[in-house]
Amino acid sequence: MAEARNTLSFHGKGSTLFGKYLVNILLSIITLGIYSFWGKVKILQYQYDQTQLNGSPIQFQGTGKQFFFGFLKFLGILVVFYAVILAVVAGVFLAIQLGLLGLIIWGILYIAVLYLFIGVLLPVAINSRLRYRLRNSTWRGLNGIYRGKNKELIPMVLWGLFLTLITLGIYSPWFSVKVRKYLYSKLSFGNLTLRFDGTGGELFLIGLKGLLLSLITLGIYGFWYGRNLYRWSTTKSVLVQNGQDLALTTPVTAGALFKLWVPNILLLIITLGIAYPWIVVRNLRFFYANLTLPDALDLDNINQGESGTGNALGESLGDFLDLGDFGIL
Amino acid sequence: MFQGRLFDGHQSRALEVVVVPVDGGLRLEGPEGESQEFWAWSDLPPSSLTVTGSTVLVTRGRQSLEVGDPTFVPVLKAGLPRASLFRSPFQTWIATPVRFGVTLTIALATLALAFFVLVPWGGDAIASSLPPDLERAAGLTLKNQVIAGFPALPQSSASLQKFWEALGLPTQKTTVTVVDAGETANAFALMGGQVIVYRALVDLAQSPDELAGVLAHEAAHGELHHSARLIGRSLAGAFLLSYLLGDPSGITGAILGNVDTLRRLQFSREMEADADAWAVKNLQGKTDTKALGRLLARMDKHPLPAWASFLGDHPGTPDRVRIMEASATEAKANDGLQTLFQELKGIHREGAK
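If you're matching them up, the sequences are chains A and B in order. For the first sequence, my numbering assigns the number 1 to the initial residue and increments by one for each residue that follows. For the second sequence, my numbering assigns the number 330 to the initial residue and increments by one for each residue that follows.
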């Protein structure tokens with residue numbers, strides 16, 4: 001078998017990452033949480049630094065100070081959020097005195113407030129985090145750019161959430177694919193862009209099959225379901241360089257997912273969570289080992305285009321909404 | 330000399346260079362040996378070095394230099410001894426056992442201070458900021474939900490309400506409701522002065538003094554805003570965990586969440602002791618304040634062993650009885666209360682038929 005021309009690998013160690021988590025927790029406690037912003041940056045930097053694309057490390061150049069100021073901005077949003085939620089919750093007592101009609105009005109109001117908050121905050125968090133992460137992720141001195149706009153993503157998310165709600169969740173695969181297509185279309189790295197070719201129908205069928213067979217097999221099919229989802233997600237992602245489509249592929253198998261997930265769960269349970277850094281390392285190694293870059297991709301011919309901007313508001317907001325890390329980005 | 334790859338930050342294609350360590354920095358030479366650049370140690374910030382696998386990366390502004398030779402690391406260490414790369418993953422200042430121990434101790438002390446001082450203070454502040462009308466409305470809502478699951482006993486409730494008012498204790502408006510929960514003997518307080526008493530507890534009481542003790546204890550919870558304070562402290566605890574760790578739903582959060590549960594149980598025990606003390610103090614001269622202890626002893630069929638008392642939400646019954654007896658005073662018989670007590674018992678006897 002010929003050696004792959006383009007390689008992606010992770011070289012981090014669980015013990016080193018554990019040290020960073022430990023320091024982060026201890027110093028965060030001592031400083032009443034203030035150090036956590038710098039600690040988070042150190043952990044991110046380590047995860048990025050230890051990732052190599054064609055032998056060159058990816059780097060994260062964000063700073064704790066940026067995370068801290070992002071958090072201060074987020075606090076303003078948090079105060080408004082809790083004030084509104086508190087007002088709505090307090091309203092239930094008034095609603096009860098008004099009887100059934102009052103309760104119905106209150107229920108509608110409660111759902112509307114939550115819907116609006118999530119529908120607005122979620123796209124803002126996604127845009128802000130992606131803009132900031134791309135701006136501060138460098139490889140060979142080049143950085144990516146994200147051009148997503150709140151005025152485009154907010155209506156898309158509000159409409160998608162509404163349709164998901166009235167279809168009792170059935171629309172969610174189409175919604176998820178639509179958002180992913182949008183996000184991918186706004187990402188670029190020099191003359192390299194990304195496109196997502198999956199459809200909501202495909203995701204719906206994978207989900208339906210996965211759910212039914214997992215139920216029948218008492219969860220055992222979950223590994224094959226995970227594999228199908230992973231394969232679909234990867235192979236439908238297309239890199240575009242100088243107008244040429246370059247499809248990603250993956251060798252992932254259900255057995256490989258079994259070897260990843262089962263020890264991860266056992267490690268977490270047996271160590272009461274202390275093994276979490278090792279699990280992060282296992283996940284990252286797995287992710288890169290199961291992502292095959294196309295040979296036709298010419299990583300030596302990427303030119304820095306314009307540079308993006310962005311602040312770290314999306315870091316705190318994204319954590320609040322449990323947004324995850326979009327893989328390494 | 331080392332073979333290196335230089336990236337200019339404008340394109341991803343590498344320029345092959347020879348890296349020569351010299352006094353004060355690194356000299357980067359092109360393939361033909363011509364001198365191209367000099368990177369002074371003083372121009373390189375502490376965060377400019379990275380080692381990934383066998384690749385050593387040095388960054389200077391947008392430029393980056395990669396050397397695929399681990400023996401390049403000692404050269405860098407000699408030139409940039411203060412670079413963050415050469416610090417322990419546990420950070421230099423907590424790398425030794427003594428320093429680590431000191432850091433751990435300070436962290437635990439801070440955590441204890443936060444949990445045992447900041448959380449109670451913050452929780453009580455939240456509770457005291459609740460408008461009384463809101464607390465009363467919340468109590469009424471909760472009561473309606475609670476009694477919806479039991480057969481209503483309006484006659485008993487009215488009779489017990491009269492009994493309560495005859496005690497004349499200095500509390501906010503307290504509403505007593507009796508419900509039929511079968512054989513279970515219990516009583517509890519909700520926010521806003523709502524007290525729920527199970528019928529079996531009334532039946533278990535052998536004297537008006539015992540019943541008075543129960544009502545005074547439960548009313549004390551309302552008077553001392555225990556429910557609101559408990560909610561306030563839970564909110565403050567959750568916020569603290571979230572703020573300190575930034576990961577309230579993670580494993581660390583879950584472990585500390587259990588610690589928080591133990592702390593809340595401790596607060597619950599303190600609240601019960603406070604309610605006992607309030608009841609004994611306010612019933613002095615009105616009823617026999619040892620009576621509540623006698624009733625508790627009859628109710629406590631399955632006491633927790635002493636070693637497991639930290640898991641209870643009430644103090645151990647023997648402790649409660651001992652404290653009540655120590656501070657109790659005898660009181661002359663109250664005929665009015667006796668009459669109301671017998672009236673209530675009569676209603677229950679009629680109901681049983």
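Source of the hints: derived by calculation from the structure; they are not laboratory data. Honestly, I wouldn't trust all of these hints.
[Said to hold, decoys possible] Computed spacing ranges between beta-carbons, pair by pair: (1) A:Leu163 to B:Gly397: 50 to 56 angstroms; (2) B:Gly675 to A:Gly91: 26 to 32 angstroms; (3) B:Gly675 to A:Leu101: 40 to 46 angstroms; (4) A:Val80 to B:Gln484: 46 to 52 angstroms; (5) B:Gln535 to A:Leu218: 52 to 58 angstroms; (6) A:Leu78 to B:Phe517: 30 to 36 angstroms; (7) A:Lys259 to B:Gln332: 54 to 60 angstroms; (8) B:Ser413 to A:Lys259: 33 to 39 angstroms; (9) A:Thr31 to B:Pro426: 18 to 24 angstroms; (10) B:Pro426 to A:Thr249: 47 to 53 angstroms.
[To be verified] Think about it this way: if two alpha-carbon atoms lie no more than 27 angstroms apart in a straight line, the pair counts; the simulated DSS-like pairs of lysine-lysine are: (11) A:Lys186 to A:Lys236; (12) A:Lys181 to A:Lys151; (13) B:Lys674 to A:Lys13; (14) A:Lys42 to B:Lys406.
Treat the numbers as computed from the prediction; the structure is a model and nothing was measured. Heads up, the beta-carbon is just placed ideally off N, CA and C, and yes, glycines get one too.
Tell me if the beta carbons of Val80 (chain A) and Gln484 (chain B) are separated by a distance inside 46 to 52 angstroms. 50 angstroms, holds
For the range 50 to 56 angstroms, tell me whether the beta carbons of Leu163 (chain A) and Gly397 (chain B) fit it or not. 52 angstroms, holds
Is it true that Ser413 (chain B) and Lys259 (chain A) lie within 33 to 39 angstroms of each other by Cβ? 35 angstroms, holds
Holds or violated: Lys674 (chain B) and Lys13 (chain A), Cα atoms, limit 27 angstroms. Violated - the C-alpha atoms of Lys13 (chain A) and Lys674 (chain B) are around 73 angstroms apart, more than 27 angstroms.
Could one say that the CB atoms of Leu78 (chain A) and Phe517 (chain B) fall in the range 30 to 36 angstroms? Given about 34 angstroms between the Cβ atoms, the range holds.
Just to be sure I understand the hint, the distance between the Cβ atoms of Gly675 (chain B) and Leu101 (chain A) should be within 40 to 46 angstroms; is that true here? 42 angstroms, holds
Just tell me: holds or violated, for the beta carbon distance of Thr31 (chain A) and Pro426 (chain B) against 18 to 24 angstroms? 22 angstroms, holds
Check the hint pairing Lys186 (chain A) with Lys236 (chain A) against an upper bound of 27 angstroms on the C-alpha distance. 16 angstroms, holds
Quick check: does the Cβ-Cβ distance between Lys259 (chain A) and Gln332 (chain B) fall within 54 to 60 angstroms? For Lys259 (chain A) and Gln332 (chain B) the Cβ distance comes to about 38 angstroms; the hint is violated.
Between the alpha carbons of Lys181 (chain A) and Lys151 (chain A), is the straight-line distance 27 angstroms or under? The hint holds at about 16 angstroms.
Taking only the CA atoms, is the gap from Lys42 (chain A) to Lys406 (chain B) under or equal to 27 angstroms? 20 angstroms, holds
Quick check on a hinted range of 52 to 58 angstroms for Gln535 (chain B) and Leu218 (chain A), using CB atoms only. 56 angstroms, holds
Hint compliance for this structure: hints 2, 7, 13 are not met, and every other hint is.
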